[in-house]
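Trainee: What follows is the residue order along each chain.
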Amino acid sequence: MISSPNNKSSGRVILLEDVSVRFDGVAALSDMTFEIEAGEQLAVIGTSGAGKSTLFRVLTRSVALGSGRVTIGGQDLYSLSRRRLNGLRRRIGTIYQAYNLVPQLSAGVNASLGEVGGMGSLRTLRAFLTGPDAGLSERVRAALEEIGLADKAGVRTADLSGGQQQRVAVARLLVQRPDLILADEPFAAVDPVTTERVLETLLHLNSEGATLVLNLHDVEIARRFPRVVALREGRVVFDGPSERLTEDELASIYAGDPSREESARNPDPPFARHGNEGAIRLTEGRDGVSSH
Amino acid sequence: MASPRTERPGIGGAVPRFSWKISIAVLVVLGLTGYSVAGTDFNIVELLRGTGPAERFVSEMFPPDLSAATLQATGTGIVETFQMSFLGALLGAVVAFPLSALGTQEIATAGASRSERLLRAVPYHLSRMLLNVFRSVPDILWALVFVVALGLGPFPGTLALAVHSAGVLGKLYSETLEAVPSRPVEALAATGASDFQAFLFGRLPQAMSGFTSLTLYQWECNIRSATILGFVGAGGIGQEILISMNLFDYPKVATLVGATIIVVLLVDRFSAAIRRRLAY
Ligand SMILES: Nc1ncnc2c1ncn2[C@@H]1O[C@H](COP(=O)(O)OP(=O)(O)O)[C@@H](O)[C@H]1O
Ligand SMILES: [Mg+2]
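Top to bottom, those sequences are chains A and Y. So that you can map any letter, position 284 of the first sequence is 284 in the numbering used here, and since no number is skipped, the others follow by simple counting. The number in the numbering used here is simply the position in the second sequence, starting from 1, with 1000 added.
Derived from the structure by calculation, the hints contain no laboratory data. Take these hints with a grain of salt, some might be off.
Examples of chain Y residues toward chain A, derived with CB under 10 Å [as the list claims (entries may be wrong)]:
1. Val1185
2. Leu1188
3. Met1208
Cβ atoms here follow ideal geometry from the backbone N, Cα and C, with glycine treated the same way.
For reference, chain A alone in the conformation it holds in the complex (with noise of 0.2 Å):
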C-alpha cells in the first residue's frame, strides 16, 4: 500500500530518480529527480509541452520509461508484475483535464467504476449486467450527493455539461478513496464555480491523508499550495514553496509561451466574467478537449 498508517505523515510516497522519458526520440522527461512526501500537497505548473502529462503518466505506468527509476510507496513501479501492479493503481486516483469517463454510461456507473479495481471477474461480470440504475452502492450514492449530482445518478454522463462531468469524475475519486490523487489539470475545462468545489473535495480528501499532486495551467491556484514544482522542457526548473515564486521566476518558467503572453496583457482571465457555471456549458462528451 502507499501509505501504511504508521508513516502516514512521514515518508516518502514517491521517488523519482534521473527518469527519463522518450517519444519517437525526442525528450518529454530528462533525468528528473525529485520525491513526494505522503500527505502533501504539490502543484505541477509548466508550459503546454513541459513534459507535466508525461509525469503524470510515468506514475501510472501508463507510458514506458526510458530510463531511471520510480518507487511508489516503496516499490518499484516499473518492475512490478501486473497484479502487483494493478493493486498499486486502486490506490492511485486519477482526474484528468478531459474528465475521460466513458461518455456512454451513466454518471452512476462512471461514479462506481472507482470501486470496480477492487472486484474479481465474476463480480465485475455481475455488476455489468445487472445496469446502470440497479447496482449503485451506498458509497456511491453517498459520493454523488456529496458532489451534488445525486439527481443525475441516471443520466448518460455526454448529455452532462463538462463541469458536471468533472464532478463525476471526482465522485468516481470519492468512490475509490485513493492514497494517492493525481490530478492532471483538473480546472483547465470547467468553469470557476466547479473549480473551487473541485479543489474543496480534493483538498479534504488530502486532510483525510490522500498525498495530492496537482497540475495546474493556472498560476494563482498554484499559488495556494505549500509546494509548486515547475517543469521546463522535461526537467525540474522550481522546487521550492509558493511563496518563493516570483514573477521574475514565473517568467522564466513560462518564457515564449504564447498563450501566457497574451493573458498577460489581459489581465482579466477568459472564465471569470461568467458568474456561474449555467453560463459556460463546456465540451460535451468524448475527448472534446485538447490536451494541454
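Chain Y with the ligands: place on chain A using the hints.
Mentor: Just chain Y with the ligands, lined up with the frame of chain A:
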C-alpha cells in the same frame, strides 16, 4: 518544371500534372482493362445483339403468375429466406463477439514483460486467423460445404450465412473496439482495472451502438445472399427461382423475383432507418 504558368495565382491543380507515378498507374489500369476485356470476351456488339432474346424473356414474364399456388410458394420462399438471413446474422454476431474481443489489441502494455506480451499475442492471432478463414470463404461456398455435409434445405444455408457473417462481423467488431476513444479506457486501467474490466466498462460501452449498426447491415447483406443460396440447394426462395427457370415458367419467375426485390428493399429501408437513429 517551374514554368511560368504554374505560378499563376488562383485555384487549380485538381487534375494532376505529369508525374511518373501517375503515368504508370494509368498504364497499369489500361493494361488490366484490356487484359480483362480479352479474358471475359467482353463485347458490346454481342450485348446489343442479345437484346432480342432478352426482350422475349422479359415479355414472357408478363403477366406474372399470380395464381394461389404460386403466391403460396412465393410466400413460403420469402419467409424462409427471411428466417435464414435473420438467424444467420444473429448466430454470426454471437460467434463474432467473443472472437472479436480476443482479437482486439489492448494498448495499455507500457512496461509489460516480453512473456506477458507473447501470452497476449496468442489468443489475438488465433482469433484473427479464424475470423479471416470464416470471412474469406464466400457464403455460397460455405453453403456448398454444408449441403454436402448435411443435405439439402435451409439449415445448411443458415449455417453458411452464420459462418460468413461471423467472419465479417468479427473483423468489423474488433476494428470498432480498437477505434474507440482510448483515454477513458486508459483512465480505467490507470486506477487498477484489469484488462477484462477495462474492456467491459471502457471499450465495450463505447463500441455498442457501432456493433448494433454493423449487425443490422450484415442482416441486410444476408437477405440478399440468402436469395441465391437456393441455387446450390441451401433453401430459401432461390430454390424456387431455379426450378421455375429450368421449367421455363417465366411468369412464375417474375412473381418470385418481384417479391424478392420488394422484401430486400423493405429490409434495407427498415435497417437503414434504425441505423440512422443509432448514429445519434
Ligand atoms: N504519446 C505521445 N507521443 C509522442 N509525443 C508525445 C506523446 N505525449 C507527449 N508527447 C510529447 O512530449 C512532450 C511533453 O508532453 P506533455 O507531457 O503532454 O506536456 P504537458 O502536459 O506539460 O503539456 C511534448 O513535446 C509532447 O509533444
Ligand atoms: Mg498536459
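Trainee: With chain A as the partner, please determine if Met1208/Y meets the hint condition of a C-beta pair closer than 10 Å.
Mentor: holds, 7 Å
Trainee: Using the nearest Cβ pair, does Val1185/Y come within less than 10 Å of chain A?
Mentor: holds, 8 Å
Trainee: Given Leu1188/Y as an interface hint, is the shortest Cβ-Cβ distance to chain A below 10 Å?
Mentor: holds, 6 Å
The earlier numbered hints are all upheld by this structure, with none contradicted.
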